[in-house]
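Listed below are the residues making up each chain.
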Amino acid sequence: MVELQYEIKNGVFKAHINPDNDLSDISEVCNIVEEHSEVVLIGIDLYKCSYIQSKFLAGLVAVKKLAMVRKINIELLNVCDNIIQVLQSTNLQKLFVIKDDFASYPLDALFERFLDTDKAGTVSEYLAANYDDNIQNKLIELIDGGNPLLVEYAILTMGRAQDYQNLEIYRKALNANEASVKSAAILVLGWIGDTQSKEQLYSYLASKEIGISEAAAASIALLSDDTDSEKLAKYLHDSDIRIRLVAIYALSLINDEKAFEYLSNAMNEEKDEAVRIQLTKKIALFKDERVGRILLGLLDDNSIQLREAAASGLSRRGSGEFTSILVEKIGDNDNWVGFFAAKSLAGIEDENIIKKIESYYDKVEQNVKLAIIEVLGKCKGVDPSFLLSKLDDTNEDIRKEALNSLSLMHGPVALTAAIKLFNKDESWLVRYKAVNIILEQKPVGYDNLLRARLKDETNKYILEHIIGEIGE
Amino acid sequence: MLLSSIKINDQEFVELKDVIYRNSGIMFAENKKYLLENRLSKRLADLNFTTFKDYIYYLKYDIKKRQELDTLINLVTINETYFLRERGQLDYLVSNIVPDLIKAGKKSIKIWSAPCSTGEEPYSIAILLKNAGLFDKASIDIIATDINSEVVALAKKGEYRQASFRGVPADFMRNFDVQGQSYFIKDEIKRHVRFNTGNITTPTITSLIGKVDVIFCRNVLIYFDMDGKQRTIKNFHNMLTEPGYLCLGHSETLNKISEDFTMKNAGTCIIYMKKK
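Here the protein sequences come in this chain order: P and D. Quick note on my numbering: the first sequence kicks off at 1 and runs consecutively. Quick note on my numbering: the second sequence kicks off at 1 and runs consecutively.
Just chain P, with the same shape it has in the complex (with noise of 0.2 Å):
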């Protein structure tokens, strides 16, 4: 028999979980959390099982009941893809939160996660965050083996940590044979800001490998000072349109007033249909009170493509001095346009302008349809009833949308429509968003709502919503 092992911090009881525990270990866990009122989360850490016994899965339940009674959260902490099929088959998934916990792993392991192309930011990102002369040895260690994939995040980790300290590194790096490693080294040398190696960064604009051009491009921003914007817009007239890409990537990044004329003037200039709509996305992310008029300006361009980038810059930028234009524009023959120029609309107050909005609803498409009416959810003062008469509509996202948009502005209204549709929409779409505002809102009585549909309810993911939820 091996004792549980478990320790509380900071109101986290986590409980580190051995093979041998069984189901008498289990049970403490919940006289453990009982005892402590402090308690606010419970984490079951499975790091060290491949498998569990059917005994366990039943205190877990136990332990789940408890936390439900406690109104507190549960997680399960990694765990492998085995247990998870046991939980699968048990259909007890869905009541837990399943998270990796990375403070269990030895640190041999972790870097195992390297070799993940998944994994392997989120590890490298907690390894910098807890970074220490034990994480850097290791480091060193890795690179030192050679491993490209390995080696790649070693140093994107000593970088992201900021260790200056192993510069020589990073620019040894420089040199390797592998794409990734070159790319990692170029990023992580802009990121601890070693303008030494900016005029080699420099060269690996034209690279062909697109990672280690775009790196390149990141660095030389992170590291520019006045001249840069200067020394990058040559770039921007080069032959090769791979080169010109680079250059307005780059450009876009300083993004200071010098970087902004470039650009704009290179919009005039330049002839490329794939390097306009780039100049346009990134024009776009400037704060600069012209890139409004030139992104309207683009919205009558030939190119189809450019005309839905400048339409989705300006609706990130919200419709301003423009209002009255982008409100003609929902009507644009391309509905992307249409679509864009519609959710650049949000935030707007007056009536006749809610109106006119309103008024192209029945003239477009499906999804300029549902862009308005995610845009009338962000509106002021919008009467409800326009968007209680789109409940019945045939289209299922249209009716989502609507609840959803009466949930912004008028949380009653859309409380009693939810109840109304979780019940009776045929659409799951529909009635999961009706279960996601009831749980928003709350009303007396609502987990019993919930409960009283679980015989009747028949998809798989409001299911397992509900079972998450109230823990049945």
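Because the hints were derived from the structure by calculation, they are not lab data. All values derive from a computational prediction rather than experimental measurement. One or more hints might be untrue.
Residues of chain P placed beyond 10 Å of chain D at every Cβ, according to the derived structure [said to hold, decoys possible]:
| id | residue |
| --- | --- |
| 1 | K71 |
| 2 | N73 |
| 3 | Y131 |
| 4 | S239 |
| 5 | K356 |
| 6 | Y361 |
| 7 | D362 |
| 8 | N423 |
Listed below are several chain D residues computed to face chain P (Cβ distance under 7 Å; list not exhaustive) [said to hold, decoys possible]:
| id | residue |
| --- | --- |
| 9 | F13 |
| 10 | N31 |
| 11 | N38 |
| 12 | L59 |
| 13 | Y61 |
| 14 | A163 |
| 15 | I222 |
| 16 | M226 |
Built from N, CA and C at the ideal position, the CB exists for glycine as well.
Place chain D on chain P using the hints.
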């Protein structure tokens, strides 16, 4: 590496994972949310979208929605792998399974790698079989299938980077031609592997591939829900000859999925055998 990921909220996650599930059989569990964010953020940015909801509407209402659905499935089904991964089963195939089948009088042997991703697994099998001289003793057909048309195209091309070789022995590299940073699989290996596109969860896969003697299906069942796992394993059972061998990933099991196989502990690995 440079792009910060766009966050997906709960409603968007459930809607998108349903789209993916209906079109691929792959079910993204809650703890794989990060994977969708990582893999799709660039695509959203390319399409000018800042939220996953807008992207979901694009998948539903754009004129090119069918094409975009293929792009989506390709982006989320890339399964990173490398040569000689989980080598125990590969060695057991070469030293036990194939010789046993030949001894039992089999003249023609079919090995199926599914999903094959970018081809490292089927080419590893081909290299090991060739090194063992087994292609001279029977007609061995290696079929490799993946749902992702882009990775199948890459596999057919047979071009790899150093990241695909993790701790492989030096002599293994003799099977590749090196050009700059690329390693090209030699034609003498390539010709033993036939690639195709298909979904292993659908019943039509059985007619696409036919009967096989050995199936490698590693590190993919974890992405299916229980129903998807059961359908897939049922397909495998129907496709396998007798004796039929099934190799799963080291962290995968048929426990609670199927009782139609017996588990064989082969020392360094686990192999499932079709029950008679």
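P/N73: least C-beta distance to chain D exceeds 10 Å?
It holds; P/N73 is separated from chain D by about 14 Å at its closest Cβ, greater than 10 Å.
Residue hint D/F13, partner chain P, criterion CB-CB below 7 Å:
This hint is violated: D/F13 lies away from chain P, its Cβ roughly 10 Å from the closest one there, beyond 7 Å.
Less than 7 Å between beta-carbons is the criterion; does D/I222 satisfy it with respect to chain P?
It holds, given that the least Cβ distance between D/I222 and chain P is near 5 Å, below 7 Å.
Would you check whether the claim that P/D362 is not at the interface survives, using Cβ distances to chain D and the 10 Å cut-off?
Label holds. Min Cβ-Cβ 17 Å, cutoff 10 Å.
Claimed clearance of chain D by P/K356, with the beta carbon kept past 10 Å
Its Cβ never comes within 10 Å of chain D, the nearest being 23 Å, so this holds.
Distal placement of P/Y131 relative to chain D, Cβ over 10 Å:
Since the minimum Cβ distance to chain D is about 20 Å, P/Y131 lies beyond 10 Å and the statement holds.
Any CB of chain P closer than 7 Å to the CB of D/M226?
OK, holds: D/M226 within 7 Å of chain P, min 5 Å.
Given D/L59 as an interface hint, is its Cβ closer than 7 Å to any Cβ of chain P?
11 Å, violated
Against chain D, does P/N423 keep a CB gap of more than 10 Å to every residue?
Holds, because the least Cβ-Cβ distance between P/N423 and chain D comes to about 19 Å, which exceeds 10 Å.
Minimum C-beta separation from P/Y361 to chain D exceeding 10 Å: can you confirm that?
15 Å, holds
Does D/N38 meet its interface restraint, that is, does its C-beta lie within less than 7 Å of any C-beta in chain P?
Result: holds, 6 Å to nearest chain P Cβ.
Just checking, P/K71 versus chain D, shortest CB gap more than 10 Å?
Per Cβ check, P/K71 is outside 10 Å of chain D; nearest 20 Å; holds.
In the structure shown, a violation is registered for the earlier hints numbered 9, 12, in ascending order.
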